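Number of protein chains: 4
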Amino acid sequence: MSIHHEFIQSMQPKLVKWRRHFHRNPELGFMEYETTYAIGKELEALGFTLYIGRDALKSTSRYGVPSSKEIQQHEANVSSSMEESWLQKMNGGHTGLAAVWDTGRIGDHLAFRFDIDALPIEEKADDQHLPYKEGFHSQNPGVMHACGHDGHTAIGLGLAHFIATHTSELNGKFTFLFQPAEEGGRGAKAMTDKGWLNDVDYFYSGHIGIQDLPLGTVAASTKGFLASSKWNVTFKGQSSHAGMKPEDGRNALLAAATAATQLYAIPRHSEGVSRVNVGKLTAGNGRNIISDYGYIELETRGETKSINDYMQKEASRMIRASADMHHVESTIDFVGETEPMVCDDETISTIKESCGSSSMIKHIINTAQVSGSEDASFMMNVVQSHGGKATYMLFGTRLSDNHHSPAFDYEEEVLPVALDTYIHIVKGGHSLE
Amino acid sequence: MSIHHEFIQSMQPKLVKWRRHFHRNPELGFMEYETTYAIGKELEALGFTLYIGRDALKSTSRYGVPSSKEIQQHEANVSSSMEESWLQKMNGGHTGLAAVWDTGRIGDHLAFRFDIDALPIEEKADDQHLPYKEGFHSQNPGVMHACGHDGHTAIGLGLAHFIATHTSELNGKFTFLFQPAEEGGRGAKAMTDKGWLNDVDYFYSGHIGIQDLPLGTVAASTKGFLASSKWNVTFKGQSSHAGMKPEDGRNALLAAATAATQLYAIPRHSEGVSRVNVGKLTAGNGRNIISDYGYIELETRGETKSINDYMQKEASRMIRASADMHHVESTIDFVGETEPMVCDDETISTIKESCGSSSMIKHIINTAQVSGSEDASFMMNVVQSHGGKATYMLFGTRLSDNHHSPAFDYEEEVLPVALDTYIHIVKGGHSLE
Amino acid sequence: MSIHHEFIQSMQPKLVKWRRHFHRNPELGFMEYETTYAIGKELEALGFTLYIGRDALKSTSRYGVPSSKEIQQHEANVSSSMEESWLQKMNGGHTGLAAVWDTGRIGDHLAFRFDIDALPIEEKADDQHLPYKEGFHSQNPGVMHACGHDGHTAIGLGLAHFIATHTSELNGKFTFLFQPAEEGGRGAKAMTDKGWLNDVDYFYSGHIGIQDLPLGTVAASTKGFLASSKWNVTFKGQSSHAGMKPEDGRNALLAAATAATQLYAIPRHSEGVSRVNVGKLTAGNGRNIISDYGYIELETRGETKSINDYMQKEASRMIRASADMHHVESTIDFVGETEPMVCDDETISTIKESCGSSSMIKHIINTAQVSGSEDASFMMNVVQSHGGKATYMLFGTRLSDNHHSPAFDYEEEVLPVALDTYIHIVKGGHSLE
Amino acid sequence: MSIHHEFIQSMQPKLVKWRRHFHRNPELGFMEYETTYAIGKELEALGFTLYIGRDALKSTSRYGVPSSKEIQQHEANVSSSMEESWLQKMNGGHTGLAAVWDTGRIGDHLAFRFDIDALPIEEKADDQHLPYKEGFHSQNPGVMHACGHDGHTAIGLGLAHFIATHTSELNGKFTFLFQPAEEGGRGAKAMTDKGWLNDVDYFYSGHIGIQDLPLGTVAASTKGFLASSKWNVTFKGQSSHAGMKPEDGRNALLAAATAATQLYAIPRHSEGVSRVNVGKLTAGNGRNIISDYGYIELETRGETKSINDYMQKEASRMIRASADMHHVESTIDFVGETEPMVCDDETISTIKESCGSSSMIKHIINTAQVSGSEDASFMMNVVQSHGGKATYMLFGTRLSDNHHSPAFDYEEEVLPVALDTYIHIVKGGHSLE
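Chains as they are written, first to last, in this note's numbering: chain X, 1 to 433; chain A, 1 to 433; chain B, 1 to 433; chain S, 1 to 433.
Because the hints were derived from the structure by calculation, they are not lab data. Please note: incorrect hints may appear among the correct ones.
Identical copies carry no separate label here, and so any pair may be met within one copy or between two of them.
[Said to hold, decoys possible] Calculated cross-link-like contacts (lysine-lysine; reagent style PhoX-like; alpha-carbon spacing at most 20 Å):
{"hint": "1", "residue 1": "Lys41", "residue 2": "Lys14"}
{"hint": "2", "residue 1": "Lys14", "residue 2": "Lys389"}
{"hint": "3", "residue 1": "Lys245", "residue 2": "Lys313"}
Fair warning: this is a prediction, and the values are worked out from it, not measured in the lab.
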């Protein structure tokens, strides 16, 4: 029996309600206006001190901010659904918030990070897909919570409720970071550079799914998150009529296509995991015009910073050569980054000891092997550089399809399990004796 | 001194005004609503019998009609600027019109074709570019008259004025085809299949520019227009997280890029000119997602139908192999077509003899070598199959940049030269004796 | 009835015998030792003045001479079958010969060029292939007369017999150029630069087959032979163990393969025929070693020198970019060249008028369209630059397979037809009145 | 002080002599005739029971046997340097030998494997390269001991000397497997399938270098050797004259080049290490002929059998698609294979305990991480499947360049260290108590 079984029981319908609300209203990175507003209003009611948008982020540390046009269009769409003062704080792509709860008693400073952004994916619309069947699928065409951040946000709200309503049992200080733009490694650095982690003693974050762990299983830490870099590349050539003057064209579509096909052939690295992906390519205007424009979005990853640097060096040369191959110009823009990260043994012990008494948490694994990338790495590395401890957990659930696929879904029963874990951490590891 | 020098003098300001109006308001193929309306109102006032939109086209013979969404969006934008009855005739992408003038006297039936569509190109915006400097550049972002069809339309209106005001001097019947969607070889077949050419004795069409001929020079015919085919190809794969599960993805972006890079390597054909171009490529949703979607727009061309068939056979196999290479599915949609065409000697003689007396037409070339494609070929081939005669002319002008480039422009003095040519044809070749 | 019908009748068995001898003993360019010796001994017996090997060629103007090793190995093989003095004149790859016959009477100086080299092709060995069935197929593994130069050589010998035995009927001077290394455009420039063509009044050469003309048909001239350039390209990278240290390799095999796949995608040129081919690629040493070495042999062609220059410029950039793509070095060696060429109308008239009376020559075409390349172009261009006239003919025959394919063969009856043509030219066009 | 310090001291010059002899006379896999003969004569003199060539191998289990032509040529070259009876046992590519020593006393059966083949690499010829400077570089052009098997063979001979001269101190049985064709995973299976490992209690093998370990350091086991597969692929197309009939060719050179460039782009696998390499590519006959023939040699590797199977499945589809892309046929031949392997803890303990007392062995590492492939895996897996124990060691040395590179070399002082290790194993772990 969990120490706060009743509280969690009572939160369960709310967790589902919140999760479904965010799932139905997904927003892309640095455009989480309604999401931030919904989170903020909930926390405001609980009495948290809020730092919204520009107050939560270092503006110039954001990577890969959408174009002004996209942002303004979305701001126009959402402006009627929130208070003007909130919009002021967020405008120009400054979403997310930090929320602080100080018990007033001496104690550790804990920070929790919950990511809140969705992905540019068209959600599947058939009855096999539960969100569609149950009617809470995305209302924003082409945008979808396909990585579980809707659940992360719900868990964060649940934990905030616990802390606000059990403050008398706790000591120290709690900082909640509802982070925008995790996808693409774009938002964490901006929160980190604002200084939120500078005096944090313990940092906890985590993810639903990722690994094929059963419901009720929690991994107390992860290893294998990769260093990564995100680039946008533009190719500029010369258009010409493809029938009448093919020899006058300088084909930027071909340069982009050549780069894409070549980048996957960067040699594997013997010292560890490497990755490369070109996730988007657009080029050309009309069928009979040799294209003067090409554009790709890519990322490289490495098990270590040095492997990622190797991938970047190779990629950079190949992109240049692809452009030269077709006599066009290329420009590389740097739009995102993550670091590798290492979880602390002390946090693993805390989790194992605290959660042992829960009936919801059936099994605790010390560490899970993963191979994606996480910009929580920036936060963890700053916490650790000041002597704090940090970990990144996984919460087991069956997945209906892979992360980032149109039919992605998870078991909603993972939400109370994750909340229970955080509560045990707060209570068992860092509460009043 | 031209026989109708004064008439042409009086039309000159109108030709420029019309040309600039259409240049300022370009519309893409099968979306020329305002263009058709402007032409139609002018002809209606002159007393032509009009066949608008659905009455001018065989609906099912149109190639490459834009998506309903694009059409509806454009219809919504233009609906306020025209009579409801006109919109009814054009709705769903049935633009263009046929206009008939019958002198009531026995005589030849002549048909003229003027194409009216623009291209998906962002017009250049600097003072070197005359339309920008003079303020008549495109008001529709991303759409531009970069092939001179604005001028063709103006010439057609000028010729209509001549016929209406000089009907007493003429005999026989005159059919004007203001054709939509020439770009991509999409519109001519739909007009042809409606039957307009079935009893035509003489067919005349032509183009501004194309060849590097000086102002005042007219080519009485062309050879070298290529057979061509236009395809859209869709690739469907499987998305997956590029960092965590790269091996589960089936990469449709790579399939599309591979197809593009390979198609250009179809071997040259020893029997004549061949061409291939992938003018557009879009694929992928997000940087860290292996793309499940790819799309290309391409065209093949050949000096003969058999060379174009060879290009199509090779392209088809390469596209299938590119899909198979990356374990994805491909679908080819056929969206446009042109035929090769041969101009008749009789029409060349007519032009040479009729135009010899003009002071505007300084030089007449029998035939000009070209290498683009023209869907007027469908019209010419039908005229000739019924024993009629046909030609396709060129009207010389200096060009500021290649056709289909953002800085394309021509000398407006070519407009009266072309009008003069058509008038001489009508008068000298086919008028009352 | 041909004027020299009986002479030709008597030569017919010899033409076949010679042709089959050369077919059975094919030798590659600049290694035609036995071939040159066989030709030379025949001409020596007839009384021609001979210029063998080094006396016939400008050594430094040879393109693409085989390696010393290959040459020495072949010299060792053939040394026992010829006089030492002949070998001395040819050694180091100086094959071919010039043979001069002076009638002692004032008159025109005529030059004839016959090419004598074979190709690196393994001849087909089945009974459908006549040379195999009749037992005169290649005795040199991997080498084959697959372009008809065996026949050209036989025709040349036949013509030499005619001139030697009919000298009393002739005037002027006759120069025979039995040229090595026509394949690859490697030998003609070396003969040309030796000065043989400097005072020639009329130059005649020709080819068996090429076009699909029936036996008995002769084309008096050709148009369409392309300018061409021949390159060898070497790529130098860094080897590494492919399993243990893939990242340390710089893959020259991939650079060569990338160059090959890209070169075919050089855009077509609107002003005329262009070609590119990578005919050979070798790279790598062992399966598990990242290759430090790659090598390709390629050629470009163009209808005009300027189109060929365009092809070379594009190819050069693509090769450099392919090397850069894989971080390796590339070196381009220039090993062969042909020029475009234009046949003279005067020679066409001569042929038509002279050959009209022959019963073997059933049909004479003014000119045939072709699209290969010919280094006789160097000879023709020099003749014409001095005011002489030149032509290049085709002799019709059914072909069992394409030129340069392992099953290539032609009708041996074409040999007397071609000989008859040359005799008529000599007699009708340029003999004693 | 090592227990057999004096014996090793006395062997040291012999180890160097042997090693340099084999280095000077390298032979490729399944062509190690002189190598086998030299080993055999040495062992024969010591009194070993020998099983030569066909008696040591299961003929049909050999992978990737060279062509009859290559084998016969090499047999002709070496026939004069050995007894006819030996040649008889080896002819047709049956090289290597098994040598058995039975102490006549009950005890464990130990097997040792030493690989004896060289690589198709041209050895570096400059004074920085010790074998060249000291005059023992390869006498066989294009063949080189670039992986240390010359040293392995020398160590094996040293160990055989020890056992023969110290038999009174030992019990049980010792089998020496001097294995041909380790490179490419081609020889071990043939020895394994002959049954040599079926009743072996302990199996020891090892490698010089591989890891960057200092001289005197021994790794008692390895992990990370990859499953691998070796393929030869042939592409068959249609040749044609590249200038005159490009459209008739079916380009097998392009198919091979396309396959090579694509294979490197097989997606990385999330569950572990994967590799692919095309180590050799040859295609085409002549510059102006579209190639009808292409050939590649490739290997795939995987950390597990299942990852290697994934690589094979992807490679197979890509090869087929590359062929289809260029309309040619492809055939895949399976020519080599290795399995993953796991060393036993018991053997690690034996080595650590036995070798602790040696002064030559400065440091023993439990296990070293590697990432190549080893066909000793077949032997180890059979030993283990019968309940025996097996390990694969590494012997530290500085390397002058990577394995498989033309300047590869190692410190000869590693030879006595390795010999000492084997002697300690024999004495300490498995000798008379």
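What label fits lysine 41 with lysine 14 when the C-alpha limit is 20 Å: within, between, both, or neither?
Classified as within: same-chain Cα gap 15 Å, cross-chain 63 Å, threshold 20 Å.
Copy assignment of lysine 245 with lysine 313, given that the CA separation must stay at most 20 Å
between (36 Å within a copy, 17 Å between copies)
When no copy is specified for lysine 14 and lysine 389, does a C-alpha distance of 20 Å or less occur within a copy, between copies, both, or neither?
neither (31 Å within a copy, 59 Å between copies)
Violated hints amount to a single one, hint 2; each of the other numbered hints is respected by the structure.
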